Amino acid sequence: MKENYDAELMRLVNEKNGHALEELYDRYIKLVYGFVMKFCNGNEDKTKEIIQLVFLRLWTTNSHYDPAQGSFVNWLLTITRNICIDYLRKEKRHTQHHQEEHEEIADPANAVEQRVNTNDIAMAKNKLPTAQRRLIELLYWKGYSLSEIAKLEQEPLGTVKSRLHQALKGLRKHLELEDIK
Amino acid sequence: MRRVCEQLISYIANELKESEHMAFAEHLKNCTECKKEYQELSQAWHALPFDYTETEVPESLKGEVLGFVFEHNRQSDTETFMAKMSKLAMMFKSQFTPVSTSIVTVLLLAFIGLGMANVQEKNRHPENIPIEILTEIPLKAANQSHPRTNGIAYIVQQGSEKNLVVQVHELPGVEGSQVYQVWLLKNSKRENGGIFKPDENGSGILTYQLAEGQTFDQIGITVEPDANSRQPRGKKIAGS
Numbered sequence: 007m008k009e010n011y012d013a014e015l016m017r018l019v020n021e022k023n024g025h026a027l028e029e030l031y032d033r034y035i036k037l038v039y040g041f042v043m044k045f046c047n048g049n050e051d052k053t054k055e056i057i058q059l060v061f062l063r064l065w066t067t068n069s070h071y072d073p074a075q076g077s078f079v080n081w082l083l084t085i086t087r088n089i090c091i092d093y094l095r096k097e098k099r100h101t102q103h104h105q106e107e108h109e110e111i112a113d114p115a116n117a118v119e120q121r122v123n124t125n126d127i128a129m130a131k132n133k134l135p136t137a138q139r140r141l142i143e144l145l146y147w148k149g150y151s152l153s154e155i156a157k158l159e160q161e162p163l164g165t166v167k168s169r170l171h172q173a174l175k176g177l178r179k180h181l182e183l184e185d186i187k
Numbered sequence: 520m521r522r523v524c525e526q527l528i529s530y531i532a533n534e535l536k537e538s539e540h541m542a543f544a545e546h547l548k549n550c551t552e553c554k555k556e557y558q559e560l561s562q563a564w565h566a567l568p569f570d571y572t573e574t575e576v577p578e579s580l581k582g583e584v585l586g587f588v589f590e591h592n593r594q595s596d597t598e599t600f601m602a603k604m605s606k607l608a609m610m611f612k613s614q615f616t617p618v619s620t621s622i623v624t625v626l627l628l629a630f631i632g633l634g635m636a637n638v639q640e641k642n643r644h645p646e647n648i649p650i651e652i653l654t655e656i657p658l659k660a661a662n663q664s665h666p667r668t669n670g671i672a673y674i675v676q677q678g679s680e681k682n683l684v685v686q687v688h689e690l691p692g693v694e695g696s697q698v699y700q701v702w703l704l705k706n707s708k709r710e711n712g713g714i715f716k717p718d719e720n721g722s723g724i725l726t727y728q729l730a731e732g733q734t735f736d737q738i739g740i741t742v743e744p745d746a747n748s749r750q751p752r753g754k755k756i757a758g759s
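Protein sequences, first through last, are from chains Z and R. Each residue of the first sequence is one higher than the last, beginning at 7 in my numbering. Each residue of the second sequence is one higher than the last, beginning at 520 in my numbering.
None of these hints come from the bench; they were simulated from the model. Since this is a predicted model, take the numbers as computed values, not measurements. Please note that the accuracy of each hint is not assured.
[Said to hold, decoys possible] Going by beta-carbon spacing under 7 Å, a handful of chain R positions derived as facing chain Z:
{"hint": "1", "residue": "E534"}
{"hint": "2", "residue": "L535"}
{"hint": "3", "residue": "S538"}
{"hint": "4", "residue": "M541"}
{"hint": "5", "residue": "F543"}
{"hint": "6", "residue": "L567"}
{"hint": "7", "residue": "T574"}
{"hint": "8", "residue": "H591"}
{"hint": "9", "residue": "V638"}
[What the hints assert, rightly or not] Computed list of lysine-lysine pairs in DSS-like fashion (alpha-carbon distance at most 27 Å, straight line):
{"hint": "10", "chain 1": "Z", "residue 1": "K179", "chain 2": "R", "residue 2": "K555"}
{"hint": "11", "chain 1": "R", "residue 1": "K548", "chain 2": "Z", "residue 2": "K179"}
{"hint": "12", "chain 1": "Z", "residue 1": "K175", "chain 2": "R", "residue 2": "K548"}
{"hint": "13", "chain 1": "R", "residue 1": "K581", "chain 2": "Z", "residue 2": "K22"}
{"hint": "14", "chain 1": "R", "residue 1": "K705", "chain 2": "Z", "residue 2": "K22"}
All C-beta atoms in this analysis are idealised placements derived from N, C-alpha and C, irrespective of residue type, glycine included.
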């Protein structure tokens with residue numbers, strides 16, 4: 007039902023219905039804002055710019071959301087993450103301060119995260135071995151590609167891929183356990 | 520595990536090239552092993568974004584985001600128009616060599632220039648040049664049965680053009696195909712000056728453009744059986 011409503015809203019947005027876009031904003035801004043804030047390490051200016059680009063993409067995109075392909079939230083967050091990654095890559099190209107960024111993420115499970123990560127996925131993630139957590143942090147939240155990470159960690163690409171495989175399997179296992187509890 | 524199955528992780532991380540991505544999506548439909556693995560792993564992958572802290576969204580953000588989108592939309596509309604125009608220009612460029620382009624341009628300009636001059640020429644008469652009455656010729660009844668018939672003829676000039684305007688009142692009515700015809704007399708020769716029909720009050724008016732240098736001595740108006748008379752066939756009703 008909810009997916010159908012979102013699909014209908016998105017159809018109206020494709021037809022350039024401004025009210026439908028506003029409705030989508032109201033429904034999902036909390037989610038998108040929280041996501042982008044995390045991606046930008048809490049930088050409000052960057053977050054605003056990225057969110058503007060996300061809604062511009064929704065407004066101008068020709069791709070239609072198809073409920074058969076999964077939930078609307080997943081679709082929206084995939085778009086959002088792609089825009090975040092594009093944005094960060096462009097920024098990196100401008101600044102070239104690779105080294106600094108690496109130091110920032112040296113310990114992904116820092117004190118602040120420990121305190122706020124109270125939801126299921128955060129708990130499941132914290133149960134993963136450090137190397138897997140770090141991989142997810144770099145890949146998912148920092149926008150590094152698998153081959154960039156391989157280079158960064160001085161490991162073969164195959165090792166990085168199989169680590170991601172293990173990490174996702176582990177996450178799923180922990181998530182299922184959380185559900186059972 | 521087949522070689523293509525190894526792409527699963529890159530597929531989930533959305534790192535395959537578009538063609539590879541589509542090929543793998545196709546593979547997923549047929550490979551039960553990958554399908555099962557994908558369902559499990561992508562579930563975890565799609566859970567990842569929820570690992571964030573809920574933050575208060577600034578109130579001002581909504582206006583900034585929607586304003587940005589709609590403003591951008593307006594601008595891109597204008598840009599699309601400009602893009603279309605420049606595309607058109609490019610098309611012309613690719614169709615014509617510089618020489619033929621300049622020839623066409625010159626011809627086009629000449630054409631437009633002449634056209635405008637022509638229009639101005641035409642417009643000048645009614646708009647700018649006053650009408651001047653050169654002569655007034657009173658017309659009297661010529662038939663005893665309608666003695667009250669009267670009228671006046673003017674020769675008016677506008678620029679180089681001369682017109683004869685004949686106005687007659689109290690004319691007897693006409694029947695069927697009958698018309699009144701104006702004749703211009705010059706050296707006892709009658710020349711057709713046009714035909715007219717009177718209104719229900721017996722008034723009629725006729726304008727006739729005089730040829731350059733055309734003069735006449737007298738005006739006669741007759742009632743004719745039809746509009747085809749080359750010489751008067753009917754009775755004279757009025758004249759100068």
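inquiry  = Given a cut of 7 Å on the nearest C-beta pair, is the interface hint for R:L567 held or broken against chain Z?
reply    = holds (5 Å)
request  = Measure nothing beyond the straight line between the CA atoms of R:K705 and Z:K22; if it is 27 Å or shorter, mark the hint as holding.
outcome  = Violated, at roughly 80 Å.
task = Hold the hint about R:E534 up to the distance rule: shortest CB distance to chain Z must be less than 7 Å.
result = holds (6 Å)
ask   = Can R:L535 be said to touch chain Z, with a Cβ gap under 7 Å?
value = At about 11 Å, which exceeds the 7 Å cut-off, the nearest Cβ of chain Z leaves the hint on R:L535 violated.
query = Is the shortest C-beta separation between R:F543 and chain Z less than 7 Å?
reply = violated (14 Å)
query = Between Z:K179 and R:K555, is the straight-line Cα distance small enough, at 27 Å or below?
reply = holds (15 Å)
query = Does the interface hint hold: is R:V638 within less than 7 Å of chain Z, judged Cβ to Cβ?
reply = This hint is violated: R:V638 lies away from chain Z, its Cβ roughly 43 Å from the closest one there, beyond 7 Å.
Hint check: 7 Å Cβ-Cβ cutoff, R:H591 to chain Z = holds (6 Å)
message = Less than 7 Å between beta-carbons is the criterion; does R:M541 satisfy it with respect to chain Z?
response = violated (14 Å)
task = With a cut-off of 7 Å on the beta carbons, see whether R:S538 makes it to chain Z.
result = violated (17 Å)
query = Minimum Cβ distance from R:T574 to chain Z below 7 Å?
reply = holds (5 Å)
message = Can you confirm whether the C-alpha distance between R:K581 and Z:K22 stays at or below 27 Å?
response = holds (18 Å)
In summary, the structure is inconsistent with hints 2, 3, 4, 5, 9 and 14 from the numbered list given earlier, while agreeing with the others.
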